[in-house]
Amino acid sequence: MNKKTQQRKILPYKPHLKKLARTLRKNSTLSEVLLWKELKNRKIRGMDFDRQKPIGDYIVDFFCKELMLAIEIDGESHYGKRETDEKRQNALEGLGISFLRFSDIDIKTNLAGVVSAIDRWINEHTEETKTTHPGKERHPSKEGT
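One gets our numbering by counting positions in the sequence shown from 1 and adding 70 to each.
Check the hints yourself; a few may be wrong.
[Claimed, not checked] EDC-like cross-link-like pairs, simulated, lysine to aspartate or glutamate; straight-line CA separation at most 16 Å: (1) K157 x D127; (2) K88 x E108; (3) K178 x E102; (4) K178 x E108; (5) K84 x D127; (6) K178 x E146; (7) K110 x D120; (8) K135 x D118; (9) K113 x E136; (10) K89 x D127; (11) K113 x D189; (12) K135 x E146; (13) K96 x D120; (14) K135 x D174; (15) K107 x D120; (16) K178 x D144; (17) K151 x D174; (18) K157 x E142; (19) K157 x D144; (20) K89 x D120; (21) K178 x E142; (22) K107 x D189; (23) K79 x E146.
[As the list claims (entries may be wrong)] Restraint ranges, calculated between C-beta atoms of paired labels, are given here: (24) E146 x K96: 15 to 25 Å; (25) A182 x P85: 31 to 41 Å; (26) N97 x D155: 31 to 41 Å; (27) E146 x W106: 14 to 24 Å.
Think of the hints as simulated: they come from the structure by calculation, not from any bench. The beta carbon of each residue, even a glycine, is placed where N, CA and C say it ideally should be.
Let the hints inform the model, and build the full structure from the sequences given.
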């Protein structure tokens, strides 16, 4: 799928989730605030991210439509919910969305490493890089920790 097709792709969402997403944005965790400061205003490679983005039956913490990339912060609300998170991620991956996951602790203690991992993922997955620098992909959830 080329860049223009990705940008025009309509992602389904449940309208009632817009209000919940707005509430989540107003009540962000410290980790969400810290990472949002790094993602907003196209600070990482000029990419536009949204926060608390409704997609399908779910809301992802951060989303870049151009890259079809969701970034999730796994904090206390995720403990003991591995199966639910996997089901959710599998459903969204079925829509062509890639995931990067970082722990709440990583954001608070190694923000520079997290930002570097996001930057590397973007570099490795943009069209220009794919065509000029093919290489082995790394598992993004293992980076930045």
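Verification of the hints:
no., hint, verdict
1, K157 x D127, "holds (11 Å)"
2, K88 x E108, "violated (23 Å)"
3, K178 x E102, "holds (10 Å)"
4, K178 x E108, "holds (13 Å)"
5, K84 x D127, "holds (6 Å)"
6, K178 x E146, "holds (13 Å)"
7, K110 x D120, "holds (8 Å)"
8, K135 x D118, "holds (8 Å)"
9, K113 x E136, "holds (15 Å)"
10, K89 x D127, "holds (13 Å)"
11, K113 x D189, "holds (10 Å)"
12, K135 x E146, "violated (27 Å)"
13, K96 x D120, "holds (14 Å)"
14, K135 x D174, "violated (23 Å)"
15, K107 x D120, "holds (12 Å)"
16, K178 x D144, "holds (12 Å)"
17, K151 x D174, "holds (15 Å)"
18, K157 x E142, "holds (14 Å)"
19, K157 x D144, "holds (15 Å)"
20, K89 x D120, "holds (15 Å)"
21, K178 x E142, "holds (14 Å)"
22, K107 x D189, "holds (15 Å)"
23, K79 x E146, "violated (33 Å)"
24, E146 x K96: 15 to 25 Å, "holds (19 Å)"
25, A182 x P85: 31 to 41 Å, "holds (38 Å)"
26, N97 x D155: 31 to 41 Å, "violated (20 Å)"
27, E146 x W106: 14 to 24 Å, "holds (18 Å)"
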